[in-house]
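Please work from the sequences and hints to get the whole structure.
Residue numbers (my numbering), protein chains in the order written: chain S, 5 to 304; chain W, 5 to 304; chain R, 5 to 304; chain D, 5 to 304.
It should be emphasised that the hints constitute simulated quantities derived from the structure, not laboratory data. Incorrect hints may appear among the rest.
Because identical chains cannot be distinguished in the list, a pair is counted as satisfied if it fits within a single copy or across any two copies.
Claimed, not checked - The calculated lysine-lysine pairs, modelled on DSS-like cross-linking and capped at a C-alpha distance of 27 Å, are:
| # | residue 1 | residue 2 |
| --- | --- | --- |
| 1 | Lys234 | Lys300 |
| 2 | Lys234 | Lys302 |
| 3 | Lys200 | Lys102 |
Number of protein chains: 4
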Amino acid sequence: MELAMIGLGRMGANMAERLLRGGHQVHGFDPGAPAREQAASRGILIAPTLEATIAALPSPRVVWMMVPADVVDSTLDSLLPLLAPGDTVIDGGNSNYKLSQRRGERLAQAGLHYVDCGTSGGVWGLAEGYSLMIGGEAAAVEVLTPIFQTLAPAADRGWGRVGPGGAGHFTKMIHNGIEYGMMQAFAEGFAIMQRKQEFGMDLQQVADIWRDGSVVRSWLLDLTADALRKNPGMAGIAPYVEDSGEGRWTVAEAIDLNVSAPVITMSLLERLRSREDDSFADKLLAAMRNEFGGHKIKQG
Amino acid sequence: MELAMIGLGRMGANMAERLLRGGHQVHGFDPGAPAREQAASRGILIAPTLEATIAALPSPRVVWMMVPADVVDSTLDSLLPLLAPGDTVIDGGNSNYKLSQRRGERLAQAGLHYVDCGTSGGVWGLAEGYSLMIGGEAAAVEVLTPIFQTLAPAADRGWGRVGPGGAGHFTKMIHNGIEYGMMQAFAEGFAIMQRKQEFGMDLQQVADIWRDGSVVRSWLLDLTADALRKNPGMAGIAPYVEDSGEGRWTVAEAIDLNVSAPVITMSLLERLRSREDDSFADKLLAAMRNEFGGHKIKQG
Amino acid sequence: MELAMIGLGRMGANMAERLLRGGHQVHGFDPGAPAREQAASRGILIAPTLEATIAALPSPRVVWMMVPADVVDSTLDSLLPLLAPGDTVIDGGNSNYKLSQRRGERLAQAGLHYVDCGTSGGVWGLAEGYSLMIGGEAAAVEVLTPIFQTLAPAADRGWGRVGPGGAGHFTKMIHNGIEYGMMQAFAEGFAIMQRKQEFGMDLQQVADIWRDGSVVRSWLLDLTADALRKNPGMAGIAPYVEDSGEGRWTVAEAIDLNVSAPVITMSLLERLRSREDDSFADKLLAAMRNEFGGHKIKQG
Amino acid sequence: MELAMIGLGRMGANMAERLLRGGHQVHGFDPGAPAREQAASRGILIAPTLEATIAALPSPRVVWMMVPADVVDSTLDSLLPLLAPGDTVIDGGNSNYKLSQRRGERLAQAGLHYVDCGTSGGVWGLAEGYSLMIGGEAAAVEVLTPIFQTLAPAADRGWGRVGPGGAGHFTKMIHNGIEYGMMQAFAEGFAIMQRKQEFGMDLQQVADIWRDGSVVRSWLLDLTADALRKNPGMAGIAPYVEDSGEGRWTVAEAIDLNVSAPVITMSLLERLRSREDDSFADKLLAAMRNEFGGHKIKQG
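See the structure below:
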């Protein structure tokens with residue numbers, strides 16, 4: 005198929021290249037000139053402006069957005085005047101599913117199709133393929149089949165339409181919530197072993213043993229083994245963990261639906277906690293202990 | 005009554021003085037000479053050795069131990085040869101209730117009574133009285149009534165025999181588990197308000213408002229208000245919170261009994277977390293995120 | 005002062021009566037005729053319509069809303085045409101503070117003052133007074149001083165302006181978050197004791213002992229002791245705990261502010277969990293265990 | 005090699021068969037006659053008594069115990085008189101690592117080698133191989149290499165000596181702690197999707213999509229997909245989740261080491277919670293809410 009990839013950052017450029025390798029015609033645009041030039045060097049068809057990029061597409065047009073969540077609306081503002089009824093816009097980024105639902109309604113009013121596609125796979129997707137969770141009208145998704153078959157790990161696996169508009173990003177949100185929980189479980193387990201100094205364990209060896217035959221074997225374990233191989237003591241790495249939105253959305257959604265999800269919730273809270281090096285709560289606890297028991301306060 | 009207080013630290017000396025004020029004859033002993041001297045200056049009858057202290061007591065003897073949990077057994081080792089059948093030993097400290105059960109059996113074999121008394125009230129107990137949770141044989145506890153009536157906030161309130169040997173320290177353990185949870189709830193609430201800078205709130209004022217009429221009014225809130233009055237910004241206080249055993253025992257007991265106690269448990273874990281400034285788990289999480297998503301690692 | 009109380013449910017009627025006892029002139033309105041009649045019998049001045057109620061007030065008018073959170077906007081819709089610049093509306097209910105901020109702006113545009121007053125004290129407030137956390141312009145709050153002095157437990161305690169519009173309901177939200185955590189801490193502690201059958205403990209006795217001198221003494225403990233006195237085994241009470249909004253708002257706020265608040269969060273999640281008697285997550289866990297280990301599944 | 009497998013339950017019989025297929029001579033014993041007969045029909049050399057089983061082994065003997073954790077000591081009591089210095093006993097079950105340390109010392113005093121081998125792989129191990137985490141003296145483990153190479157998924161992968169005596173079961177304990185966390189993360193994520201009825205999602209399809217290319221791909225996800233395929237609505241399965249010891253040991257170990265492990269901890273607590281259908285804590289919460297706010301209690 006012929007399509008445009010809007011946003012040629014790490015994810016967008018890799019996906020464009022995977023589509024190219026799969027025999028698709030891929031136009032690309034990014035507001036940054038260096039990103040455009042690098043993409044051109046990888047064989048992606050680059051025009052100097054968004055207008056020219058869209059104008060180069062055959063009708064009905066297919067436009068895949070792979071942009072940061074906070075510029076999706078402004079990207080849509082720029083795109084809409086350039087599109088015509090029957091065209092399709094795909095949001096492959098990490099948008100909040102409720103926004104995707106509203107955006108779908110907005111585009112539908114202009115006669116456009118909107119498809120929300122949760123994309124997992126990270127930097128490994130170029131080589132191994134991406135897991136794609138797709139929301140939108142069945143017919144609109146159907147038309148895009150060749151694209152999904154190329155991006156996914158295999159034509160018949162790793163992708164699917166999971167429901168109406170919003171369902172794709174909803175599923176990706178849950179995916180990331182689960183990911184937080186799994187990551188935290190591994191991190192805690194390795195931290196306990198690391199602290200058990202009497203056994204003098206080699207954590208990377210343990211990770212490797214578990215990769216075959218164990219109940220916890222998983223891609224995250226493979227990556228953990230790799231990280232431990234490169235840097236067994238985690239030297240030079242600050243104990244500081246970002247979160248990128250989906251975790252908090254999952255926690256909020258669970259509460260909205262009255263589902264108790266303690267592990268996903270605590271894995272988010274631990275990330276918040278990792279970024280506090282001067283917790284007011286803990287200082288107040290120390291002060292309270294001093295108040296009632298005369299317990300010593302550590303100076304800080 | 006006439007009794008010996010073994011251990012004249014902050015708690016023991018205060019309790020001895022409260023008993024003294026209540027008209028009891030209080031002998032005291034502490035292995036440290038300064039503690040003995042200070043106690044003597046408060047009117048407590050001091051002998052130079054444990055032997056002499058015990059020898060000064062009328063029979064049947066009453067000995068109250070107020071010593072650190074890890075020297076209870078060695079204190080008992082020293083005491084036992086000095087005591088005779090019919091004497092009573094009270095452990096008023098924070099012993100694990102299972103040890104108290106075993107110690108009670110040990111003393112029973114020597115014809116001695118053992119009473120485990122969980123004591124709450126901290127540095128305020130001298131003035132306000134102590135809350136006393138007492139375990140042991142009913143008859144042995146009965147005899148000590150005048151002592152408990154004096155130590156408690158009032159003769160008929162704030163103390164009681166809650167069950168057989170061990171039940172006193174069990175109850176105190178649970179008390180402290182609840183205390184951890186309450187403290188953490190307050191600490192979190194004030195930390196959220198502290199972070200909400202747009203309202204420019206005065207946390208000490210809020211604490212004071214809540215002290216009258218609110219659902220959260222409590223002694224811990226009174227102390228929190230006091231701590232915030234003395235040091236509104238918690239300046240110079242490290243975010244470092246000790247725990248003294250009962251919290252972890254409560255968590256272990258809950259799990260042994262198959263009771264899910266998430267709040268008491270998380271309040272303990274937050275204390276452990278407060279003492280980690282270089283979490284291996286968090287470093288590994290950051291490394292994993294870099295592995296799959298190329299997310300930047302903060303240098304540390 | 006002279007004011008109207010709109011909403012004569014349990015809270016509104018009691019507050020109106022406390023104001024009456026304090027020498028204020030209190031007009032009252034409720035859409036339900038029985039509530040109006042009962043209020044009239046307690047001495048509150050009742051008019052048959054909202055219009056007549058407001059018309060009876062001297063200018064500038066003071067109107068206190070004590071209505072369910074979900075009818076505040078419709079109540080304001082009805083009130084606004086009846087009010088004039090300089091009048092003041094107080095929302096004493098459990099509104100989300102962000103809505104209070106927006107409502108304050110809406111009323112300001114009409115020249116009206118809006119005061120958000122978080123109210124704690126429940127059914128006991130009539131006798132003991134209410135804890136009042138007040139947000140709004142300083143001048144508008146100042147004028148209402150006599151009202152707050154009467155509603156609070158004492159003229160100079162238990163109430164205060166904590167910040168600009170919204171700050172009152174924000175503070176009440178945090179108060180309730182803390183309340184959730186404290187309640188859960190007590191509930192867990194008593195549940196562990198209840199399960200420890202070998203000690204045959206009397207939970208109501210333990211609660212009573214703690215009420216004097218202990219670190220956990222608090223109004224919630226007083227109520228717990230009362231509940232255990234009335235119904236020691238909690239007979240006939242379903243293990244089903246509602247939540248009324250402030251808890252989830254506190255959890256969401258903490259996450260928005262990047263504050264880790266594990267205890268308040270888990271106390272909310274436990275309430276959600278209490279209302280699940282057929283957890284899909286737990287079924288799936290049982291199915292997974294069967295998949296990898298052949299572990300037996302309990303039929304359900 | 006030639007060895008005896010003591011305990012021919014699900015795990016022991018499968019491991020014996022895998023060793024048999026790998027060319028080893030496998031004697032087997034189980035106190036139950038049916039287990040012995042079934043094992044005999046699979047080609048395992050069966051003698052009628054433990055004595056005869058051990059007597060049939062060449063010296064130095066190799067004995068693999070695969071028995072429930074609570075009969076390891078009694079099995080050792082029976083075995084010891086039958087063994088001679090230089091023989092090796094392997095505990096391949098789920099023993100607490102501290103007991104394994106003590107047992108290792110006991111056997112060392114009799115001149116015997118003790119090897120603790122944590123074994124993961126469940127019912128799938130026969131076909132796919134087991135992940136083996138081995139503790140003990142290096143020389144004693146070295147000798148057993150051919151056995152481990154056969155049991156593991158591949159001769160050079162999925163097994164290893166991780167440290168001295170106890171380290172094998174310690175590592176298996178942590179493995180299971182991580183497993184609890186991962187399982188709970190998946191269970192929560194699917195439960196949120198199941199509750200989101202507006203999307204009408206097919207959970208089994210989602211699981212399948214994630215199996216290729218996603219960050220959460222893992223063996224547990226494969227099993228989850230399988231469980232959802234067999235029983236999409238989890239019909240007939242009670243929301244009741246057992247735990248088998250390693251989870252609680254991991255939680256206790258983390259606390260002993262002062263490591264905060266909230267996710268592993270909460271995944272254990274959720275299992276405890278799943279087995280409470282009549283929570284005293286929740287009843288007390290409902291009673292407290294009624295006390296202070298007059299909130300209705302659900303009858304139960």
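Each hint tested on the structure:
1. Lys234 to Lys300: Only across copies: Lys234 and Lys300 sit 16 Å apart there, 41 Å inside one copy, limit 27 Å.
2. Lys234 to Lys302: Cα proximity of Lys234 and Lys302: across copies only (17 Å, versus 36 Å in one copy).
3. Lys200 to Lys102: The answer is between: 13 Å across copies meets 27 Å, while 45 Å in one copy does not.
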